[in-house]
Structure formats: C-alpha cells, structure tokens
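Enquirer: Okay, here's what each chain looks like letter by letter:
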Amino acid sequence: GATMIAASARAASPAPTAPPADNSWSNSLGAPVDARPYGQPSKYESSVVRRYIPWLSPTRLADASFTPLQDQPGIITSNGLFFERYHSGVPTVDPKEFRLMVSGRVKKPLLLTLDQIMRYPSVSRIHFIECPANGATEWPAAQLNSLQLTHGMIGCAEWTGVLLKTILDEAGIHPDSRWVLPTGSDGAHMDRSLPMVKCLDDCILAWGQNGEALRPEQGYPLRLVVPGWQGNVNVKWLRQLQVGREPWITREETSEYSELLGDGKSLGFTWVMDAKSVITFPCPEKPLTQGPGFYEIRGLAWSGRGKVKYVDVSLDGGVNFQRAKLDNPILDKCMTRFTLPYWWDGKPALIQSRVTDDTGYVQPTIVQKHKFWGHDPVYENNSIQTWQILASGEVNNVQLS
Amino acid sequence: GATMIAASARAASPAPTAPPADNSWSNSLGAPVDARPYGQPSKYESSVVRRYIPWLSPTRLADASFTPLQDQPGIITSNGLFFERYHSGVPTVDPKEFRLMVSGRVKKPLLLTLDQIMRYPSVSRIHFIECPANGATEWPAAQLNSLQLTHGMIGCAEWTGVLLKTILDEAGIHPDSRWVLPTGSDGAHMDRSLPMVKCLDDCILAWGQNGEALRPEQGYPLRLVVPGWQGNVNVKWLRQLQVGREPWITREETSEYSELLGDGKSLGFTWVMDAKSVITFPCPEKPLTQGPGFYEIRGLAWSGRGKVKYVDVSLDGGVNFQRAKLDNPILDKCMTRFTLPYWWDGKPALIQSRVTDDTGYVQPTIVQKHKFWGHDPVYENNSIQTWQILASGEVNNVQLS
Amino acid sequence: GDTSSAPASDAATSSVPPGHAGDHNSVKYYKGIVPAKDLKVWREEGTGNGKLAHYKPATKVDYYKIGTTPTPAQIAGWTIAVPPSGENLPAGSGTAAKGEAIYSTNCAMCHGGFGEGKNNYPQLVGGIGSLGTPSPEKTVGSYWPYATTVWDYINRAMPFYAPHTLKPDEVYSLTAYILNMNGITKSSWVADAKSVPLVKMPNRNSFNWKDPRPVTHNSACMKNCVSPSSIKITSNAATMNLTPRLTGPVDHMKNGK
Amino acid sequence: GDTSSAPASDAATSSVPPGHAGDHNSVKYYKGIVPAKDLKVWREEGTGNGKLAHYKPATKVDYYKIGTTPTPAQIAGWTIAVPPSGENLPAGSGTAAKGEAIYSTNCAMCHGGFGEGKNNYPQLVGGIGSLGTPSPEKTVGSYWPYATTVWDYINRAMPFYAPHTLKPDEVYSLTAYILNMNGITKSSWVADAKSVPLVKMPNRNSFNWKDPRPVTHNSACMKNCVSPSSIKITSNAATMNLTPRLTGPVDHMKNGK
Ligand code: HEC
Ligand code: HEC
Ligand SMILES: [Ca+2]
Ligand SMILES: [Ca+2]
Ligand SMILES: [Ca+2]
Ligand SMILES: [Ca+2]
Ligand SMILES: [Ca+2]
Ligand SMILES: [Ca+2]
Ligand SMILES: [Co+2]
Ligand SMILES: [Co+2]
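Residue numbers (this note's numbering), protein chains in the order written: chain A, 221 to 621; chain B, 221 to 621; chain C, 4 to 260; chain D, 4 to 260.
Isolated chain A, as found in the complex (with noise of 0.2 Å):
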C-alpha cells in the first residue's frame, strides 16, 4: 500500500535525485556561538563590498568609496557597506580623548566629553545621508555601468544622539547668532557653514548608527547628522561648534560643493537634496538571468525635503508610467523602497523610476537638468535613472534624448 511505496523510496533512495535532499551542512556540526563575538558576513557574500572608481580622485585618502545598492534589499544600509567620503583619510579617534568645544555667539561656551554628551536628552531617527556628488560622473552622459557606482554615494541609518538644537539651547545663542560651523578633528578639520534656522530644526549629534556607535568612516565617535542634506555638511569626527554672525566660505563651500553653471556664474549653499529614485533590481550588476517571466522591479526613492509621495516605474523609456507599490514606513528625509510586478517578454527594453516628493517636486530627466544646470555641474545629479534591458537579460545604464 501507501505506507510502502513511500517507505520503500525512502530506504531505496538515502540520496535521491540531484539535489540531495541533505546537504553536506545538514550531516554536521556548524559553528559555535563563541566563534564570532561580533558576527560578519557570510563568505559566499565576498563581492559584497564598497568599491570605488579609481581614476576619479588623485588619492585614496581624500575620495569616495560606494553603497553596493545593488545588494541592499530594504531601506537601511548596513554599516559594513555604507559609502564613504572624506578628505584626509579616516582618523582613528580615541573616544577618551575626544572633546567637543561649543563657543562663538553662545552665551555660556562648553567643553564636553563624549560621555557628558550621552547624558543629555537624546532622540533616534532614520535618515539618508547622500553625497551631491553621487552621479557626478553621470552629468556629460552614461558613464560607469553600474548602480553601486553612478547611485551608491548614499546610506540610510538610524542615528542616535542629541539633537544640535539641545545643545544650542544649552550654550544660549543671542538673537545674531546666525550660523553655526560645526568642525571635524580630521586632518581635513573639516568644516562648514550652517544657518541657525536648519541647526534648530531636525540636526542630531550622533553617537549612535544602526544599532551600535557610529563606524570609524562615519564619524566615530561623534558626527553631526543635518536630515536631508548634503553629506559633506553632515561633518564626522567633530571637534567644535562655532557659532557666528555671518557664514565663514570655507573651501568646502567655495572649490567644492558648489555649481559651477553654463554661464560661468556658480551656486553657493545649495543645501538641499533633491527627490531622488533609482531602480535597484534589474540594474546593470543584478540582470535577468531567467529569462522571460515574472520579475519584481525593485527600487529606492528619497527626498531630501520631506517624504516620497509617489514613485511611477516606466517600462518604455518615459511614454507611459505606472505606480509602484512603497513599503512602510514612509519616513521624512529617508529612503522609501518601492516595488512593481514585471512580467518580462524577453524583449528589450528601457526602465525608469520617477519619484514625486510630498513638497509637489517630480524628479526630472537628465535633459531637463542640463537646462538650467549646463553640462557638469559635478553636483545635484538627482535626474532620472534609464537602465536598457537586452534581450539577454543584461542591463545597461544609458542616456535617452
């Protein structure tokens, strides 16, 4: 009967056709919970890195390394894989040592240890943080096929710490005191001038990153985080906060990160990021390799001046559009992960996502940007990412009139 037929396959067959019902993994012990303290990866997840572009900076101590968004399945980035960007190499900061001097317009200055900042009221929140340079190489044309490389200048964490406003409140600021310069104790001593209005609003002194104390490449052990804003202004590693009248035109905010346009005429202060989507699957690292079929079209989509209110995927390179489908939670000046159906035909195509922000902003495509932006203005690439789909599946990053 029954009871035999499956019996009799079972002891007939200990190892039935490929593959085995048991893995070699199966047989055996695995590892001990003494084994990895602190755990990583899994080794199969090697290619799994940051990367960086190696003819884009003279050195490795003042560039950019790349979010693998490629392999980030939800909104928050892992702090193994979370892009870096300084310009004088990571410094190795002695927690002890550490010393954060509050002075300028403040009507009491104050001298803190990393362990009296903890003390005061502290708040945890999920914000992106994106460099204005991410896509840079993108603004003359199609450049790098990749998304880890023209997208992956941004990280989503949960930060921890005290908001900036807190510590303002604390040292007392007059009526003129304006702008706030916060400054790293990197050999950069990084720096860069802050209106008062934003440093009173949502920005965090943050110790605390994605479950434990911020990473060496993001700040340790003390960073400021400026919700929405320019990376370069989220200054790591900080030693002061100046407080002023006027701002001071740092070299960050002059030589860098400001936009030189068409005219030969540049904007300063361009704080803000713009709204901004990318498709993260299929993308040029993540093809079809399944051939025709059901896929799910994956991405992210972010705004640097509140929540993503929309995202509309197009399958034909702009002509028609539909609305994806966005995870919860939808959070303010965090990445917000969109998904839609695609039942691909094996025909070639061209994908796009197109993010609308809750201010009313829609992403723009790149011919809309040249217009005012002219051709290389390094910074703000937020426009509209095309990927080509072949009929091999593979995926390339390309630039439609």
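Derived from the structure by calculation, the hints contain no laboratory data.
Ideal placement from N, C-alpha and C gives every residue a C-beta, glycine not left out.
Facing chain B, according to a computed beta carbon distance under 7 Å, are these residues of chain A, among others:
#1 G300
#2 P315
#3 T380
#4 D547
In silico DSS-like cross-links for lysine-lysine, where the CA-CA straight-line distance does not exceed 30 Å:
#5 B:K327 / B:K316
#6 D:K43 / A:K328
#7 A:K567 / C:K68
#8 C:K235 / B:K567
#9 B:K591 / C:K43
#10 D:K63 / A:K385
#11 A:K263 / B:K316
#12 A:K328 / B:K545
#13 C:K213 / C:K59
#14 C:K170 / B:K316
#15 C:K63 / B:K327
#16 B:K506 / A:K385
#17 C:K59 / B:K328
#18 A:K506 / D:K257
#19 D:K213 / A:K485
#20 B:K527 / A:K545
#21 C:K203 / C:K170
#22 C:K63 / B:K316
#23 B:K591 / B:K527
#24 A:K385 / D:K213
#25 B:K316 / A:K506
#26 B:K485 / C:K121
#27 C:K121 / C:K170
#28 A:K527 / D:K59
#29 D:K63 / A:K328
#30 D:K40 / A:K591
#31 A:K545 / B:K385
#32 C:K121 / C:K203
#33 A:K527 / B:K529
#34 D:K63 / B:K506
#35 D:K59 / B:K545
#36 B:K485 / B:K591
Simulated coverage check for chain C against chain A, where a stretch passes if three residues somewhere in it have a Cβ under 8 Å from a Cβ of chain A:
#37 67–80
#38 159–173
Following the hints, put chains B, C and D with the ligands in place on chain A, whose structure we already have.
Expert: Relative to the frame of chain A, chains B, C and D with the ligands by itself:
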C-alpha cells in the same frame, strides 16, 4: 587690542592647556577608502560583542549568545551583534546548493533555488525577534547582574523577503491545509508547526537583513520571520515548507519551548511574545558614573501582539510612574525606543519600566507572573525589570516583593 | 497504567494503519492516539477557529510560474517529519537489545550509560511522576507526549555530531531502548511504523495546546500603586556570583562559576 | 581690473581693521569685502528670512549643567576658521618670495612647480576667465571668491600629509605665493591679517548664495508623456570602458584605464 590678545594667545600657546586643540589624528592622514571594503567598528568598541552564559548549556553548539542592548542606541540591532540561538551550530550554507521545497497538502509542490525565490513580489519590514527563553535565568530570582544576559536574546532588524502567503498561494492550499512545518537544513533539522492563519498573515521568507544578505547566524540564505512570535519558530537555513492538516508535535514544541507549570501541566503552542520593556540606561553595564545631576533614562519596549502604546517609568520601585517619551517610528511587532529625563539626586533608587501595548495588555511584575506560571517555566518571562541604583551610581539587577 | 505501552487494539480503530504514508496526515488516524480535546484545539488553532473559511488567495496556483516541481523521490527524501499519527515512518524495525549496542557506541558518551545525562548533556531517562513536584525532571520518559517525537528527533538530530545519518532500523532500535530504559515499553517490544505511534507516553494528557493568555493581569496605575513600605528586595544578582565578566574579551568562565 | 589686489582704501571704510579677533564676525567689517547682495543673502539664510525671530529655547542656558567651560586659551586654540572679514587671522606676515621656498619643499610634489597640478592632484593656478567657456578651469585663482579661504584652507588642511602644522608666517607666505602665481597680487605684496581680507578675488561676484530651486520642472505624467519615436539613446555606459570590475575583490584598475 583684541586682535593682539587672541593672536598672541594662539602664537604663545600653540598647544593650549589640556585637552589640546589638536589631537594626533588631526595632524596626520587616516585610512584610505580602499582599506576596508567591508567596514568594521572602531577598535575602541571591542568590548561591544555578543556574550554567553558559560554554565547554561552543555555545548556552545546548542547554546545562545546575547545582544549587548546596553550598547544598542536605537531600535535597529547591528547585524554583528544580533543574538544567536541554534541547536547544532551555524551551518555554512552554499547559496548555489540551497533549495527550498514546498510540499505536503498543496496543489502544486515547488522546488525553488534562491535566485528563483528572490523573483517573487517582496516586502521589507522592521520586526523584533525574541527568544522565549530571554530572561529564563531570572524566573526564580535575580541571578545575572547584566542587561545583556537578562534581556539580550532579542534583536530587531529590517527583514526583506517574500511573504510566506505568496508562496502558499502559489503552491495552492486545500481548505484542510491547516498547518505548515518549516524545516531548517542545519544539523538539528529544526522544525516547528505553524498554524496556517499566521502563515497567511504576516510571515516573511527573508533573505535580507539590515541592508545586506541575511547573516549566517540568522539563517543565511533564507529564514522564516514570524513577526511577534517566539524566536525558534522563525526557522533558519530553510530547506522545506511542508503543509499538513495537523501539527507535527516536534521535539522543539514539546521537550523545548513548552511551559511546565507548577501543577505538572504544560502549555504548548504559546507562540506570541507578550509585551515587554527594559531600561537600557542606566543598567548594570552602564552605571551612573558622573555623580548626581541630569541623565536620560533610555529603554526599549516591544509587543508580539502589535504596537507599543505607552511606556511608564517608575523611579521608586513601582509606587509612582511617569509616562516616557516614545521615539518614532512606532511599528507593529517592532522595538520602540523610550526616554525619560532623570535628575538623579545621588540617592539609591529602584527604577522600572512598564509597557502597555495597543491591545491594552500591561507588562506584569515577576510576582504577578509567578502566580500563574509557577517559579520556573523557563520561557515567557516578560516581567518588569527592576534596576537598583546605589549611591555610588552602580546598578544592580534586583527583584522586589 | 500510564507507563505501559498502549494496547494493540488502539491501532485497529482506523482502517489505514498508523505508519501509513502519503501527502497528508489526517484526523482519523489519530483516534486512540491523540486526546480528543487536543485534536480539537489543533484543528481550531490552524485556521484561527475558522477564520480562514473565506480565505481567497491573491493569485491562482502557479501564477508566477517560477521554479520546478519536485519529483516524488525528492519529496520522499526531504519529508522526514513524523507526526503523532506515525505518518511517514519508514519501513524497518528495532528492539531495545539492538538499541543498547548502538546507544553505547554513539550516545552514551553524552547522555550517560543509563540515559542519566553527563556534563550537563540532557538526561533521557527518569523523572516520571516528578512533574507536579517542586523538583520536576523533564526527560523523554517523563515529559514527551508522543513516542513518534522520539523517533523523529533521534532520526533528524542525533547523534549530535552526525545528525540524520542513522538508518531507520537504528532509529527504531534506539527508540525502543530509550523507551525501555524509561520503563514505558517492555524489552520484548518491537518498534516499527505500526507500533511506535501506539505507545502511550506517560505525559500524553498533560499538555494544554490552547494558549490561555492573557493570564497575568497588571494595570497601568500611575500614582501610589503599591505601599512604599511593602517594597522589599527579594533577590539581588550582585550577590549571586553567576555573572561572567562583561567587558574585554568574551568570558568563558574557565576559572570560576 | 579684477586680477589686481584691492585698493588699500577698502580697508579704511571700517573703524576696526580686518584681522580683528573676538567672539564674533560682524557685518560692518564686511564693507568693501563682501558684495552687499551676498551679505544680505547670508543674513537672511541664517534665520530662514527671520523665521527665528520668535524662537524660544526649550530650556534656559546651562539648564543641564553638564560639561565644563573652555578657557579663553582653549577657545583661541580650537577656533581656527577665518571668514571673509579676516576675523581670527593671527599675527604674522609673509611674502611670495618666502612662500616659494616653502612651496617647493612642501607642496610642489603634488601641486606641481607652478601650481599646475600633477598626477590628478589639484591645479592651484590658472583658469582665470575660463569659467563661462565650454572648458572651465576651477582653481584657487579662477574660482575662489575670498583670499581668506586660501589662508584658512592651507592652514587647516595642508600640506596634505601633515595638516594644520604650518606656522602663521608660513601660511601667509604660501598665500602670497599662490595668489602671486595666479597674478592676483604683486610679488611685493605682504600678506598679513589686514591685507588678506582685502584681496579682491577675480570670481568674488559670481556666486549666488541663495538657492534658486526648484529650477527644473517635471510633471508626474502617466500616459503618452513623450512620443515613442523621439526616444533615442544618446549615451551608453557599456561602450565607455570606464567601469571597474564589479565582482570579486575591489578592482584598483591597475591594468586598465
Ligand atoms: C556529542 C554529544 C551527544 C551525542 C553523542 C548524542 N547526543 Fe543526544 N543530545 C545532545 C545534545 C547537546 C542535546 C540537546 C540539543 C539541543 O539543545 O537542542 C541532545 C538531545 C537529545 C535528545 C532530546 C533530549 C531532550 O530532553 O530534549 C535525545 C532524545 C537524544 N539526544 C538522543 C540521542 C541519541 C539516541 C544519541 C545517539 C544516537 C545521541 N543523543 C547522541 C548531545 C549528544
Ligand atoms: C601629498 C600631496 C599634497 C601635498 C604635499 C600638498 N597638497 Fe594641497 N592638496 C592635495 C590634495 C589631495 C588636495 C585635495 C583635497 C580634497 O580633495 O579635499 C589638495 C588641495 C589643496 C588646495 C585646494 C585646491 C582646490 O582647488 O580646492 C590648496 C590651496 C592646496 N592644496 C595647497 C597646498 C599647499 C600650500 C601645500 C603645501 C604647504 C600643499 N597643498 C601640499 C594634496 C597635496
Ligand atoms: Ca575639486
Ligand atoms: Ca549643492
Ligand atoms: Ca531542554
Ligand atoms: Ca511559549
Ligand atoms: Ca519520507
Ligand atoms: Ca584662534
Ligand atoms: Co537531513
Ligand atoms: Co588642527
């Protein structure tokens, strides 16, 4: 004049009195962007690791390690610090050899590779996973003087994957397909019977964890996430989903993970993790080291039944409570962070937190728990934690009458 | 009594014998094996008391057309779980005598020569009748409600260092040996697909599979909730000397407890 | 013209000389240095056009009573930023001649003997007049709006391998040398706390500090947004040969472009 005063101060004392304006790392270069393609925490954080209770289990291969909640700043648990619990060690699963079988009482059995699973419609959600044995040592009495070891068998992460419902709809269930048995491919072949009603609700077959592939200790490459339910049913290193009419009454749902009450009767299938909260600062590992004055009480709360509604904090051993501030986002079956300002007068105190979830359930005291559950049911210890603050600022784990 | 093996007549109440195989387990095979109240709970819990009666799948079966169909041989090979009905138990048999030899070579070093446990490894024998006492001893014999779980767990997870490598006859024999050491089956008892489900384990009737919670009630009182004078510290972990060192490298407590 | 140093009379317009020190910079010291329109924008942006006029702090000053008060010496030591007013410039001075010697030892290996840049390290000289052309060259000379930034940046960040180790006289001299190489100051020019803020950099008037966005408008069109025939691929990264290898160990492209 003023010019000369400041200028001469700088000239006369290029290294002002301690601390110096510049640290050694401010006058040199740090590490380049290609130094750590996969980043690691600062060397100064080397004490922040998973730890275990050496006398608890016969072998490190069927044991648990604990999340250092005292160093978790927000609701996300770092992947490197996420607690571990397994019964035959962490297997090293080759994702290419991985197969998931869906079989039993289904209309169309399925055999899926990992690449195939990743094609289905997906979701990404932040949920906690807690071992029901979290706090087991504390049932009879306050035994371990540690937040990590009394509360650290919990972690909270963004999980990305396919809804189990999607795969069950795909395989097609019969009206009498009432139970699902997920099985792991580890040596333990870990399996737990799950009611179909939960499987069709919010369970996720997850491959993503906090921005990267699932970690080996968390089931790489695929685990089941059963939001709000006890950790062990979130089966890891999945190999099979078997659908049946009745539960299988496995060893893990009889010998383990059932509660023997005082009268010799036992509870089986107590899957949901009841609401719980704990103060993470101060705690035994993080005493009040800076004398009387302002500190912020911080903690985490969660409920397997829904959202956290309130957290109340007592500074006097449970006589009076104050409502704590909750940090956004407040998500379903997810950790919620709470804070309360605390002016410590330097005197001994007994501090507690007590969560109420959106079902109206209020976290009980250990005395209340003992009444129904007996004095050592091993699991389900969600009682209110009391920390005793000494005049020295030291913090002890105590239980109250 | 509770510690004797179940009468053979239990098996006769269903037309298909326990140890049947197929793609499902079924309520009719549980007659005489699972207490009726438990079976009722299991059926109710699965669908949330009928909540799924009107469940509509989001898509048709095989809507996405991804993956392959496993062969019957693959399904048979992968499907190892044995529920109380005994479904899926393979052909083969074993006795306590054969089990003893296998046990002493493969199991005794951890679980002890008489199943008494060693070096904190689980005790497999004893404790019957102890569960309601202040010192309950949970073992296979005293605690486990179904003998099928013994077969299933040894088959899937033991011996610890080489799980799921025993042959069916060996698992039957070990099951017989452990049950016999516990005084549940006689030494002459033959374990096979028919007999194992019929063993009546001593603790079969003591599980409540229906979650009774909430059973513990607190209120969100804010002021004067208890009298300050009633608060006494009943235990303090600082005095226990059980805590490993919590800074520096992981403490294995080799030099202390 | 634009490339000459500013007339000395500019400095006479304020009663406190540039290069003053104190706890603040102030609008009156900017007269003749910062274009009035820019100054206005700076003031407006800081408070969000007066949005902070009614700002009420959540707590009183020093409410939490945490931390210490830095000494004046500490504040002076930590405060290195020099704004366009020249506030916080230290005593000392330097000339192009002295700067040349320092530069050739400490800077030329990266920035080139004439500031022309080397191995992709920044070019410091040239490009004046090129900004509006199709091949703009952004350098200290052509692009930077304030000479104080030159002083400040060399002082804080250079030489690259030993940042913030130069003495004030050295920084003044290097500033003089780089400005002179750019033809902005004469070789006889002496750089000091008074003179540096008064240098009129060629690109001073070309920055718009007020964010004009949104400047690029798209609409959330859903159907027939563009004509299918108008869609042409204008560039394709797959044909560029600029992309490093994206799997395996990090590609340093040593054998490629
Ligand atoms: C190297 C040590 C070791 C050997 C050898 C070993 N076991 Fe075990 N056994 C364990 C451990 C450890 C556990 C508990 C695993 C866990 O925590 O999930 C266990 C659990 C069990 C249990 C369940 C006990 C309970 O109360 O839940 C049974 C039954 C069992 N073993 C039988 C056997 C048999 C039969 C053999 C020989 C074929 C065997 N074991 C060989 C270590 C061993
Ligand atoms: C070892 C190489 C190196 C040396 C030596 C060096 N620099 Fe630099 N310099 C750099 C790099 C790299 C940058 C760009 C840093 C960045 O990206 O933030 C730079 C930037 C600059 C800039 C800003 C250029 C711009 O357009 O933004 C100035 C000015 C400068 N250096 C001056 C000097 C002076 C003066 C010295 C000597 C005292 C010096 N440098 C020595 C590598 C060097
Ligand atoms: Ca530059
Ligand atoms: Ca900008
Ligand atoms: Ca046990
Ligand atoms: Ca339970
Ligand atoms: Ca089978
Ligand atoms: Ca100074
Ligand atoms: Co197996
Ligand atoms: Co310095």
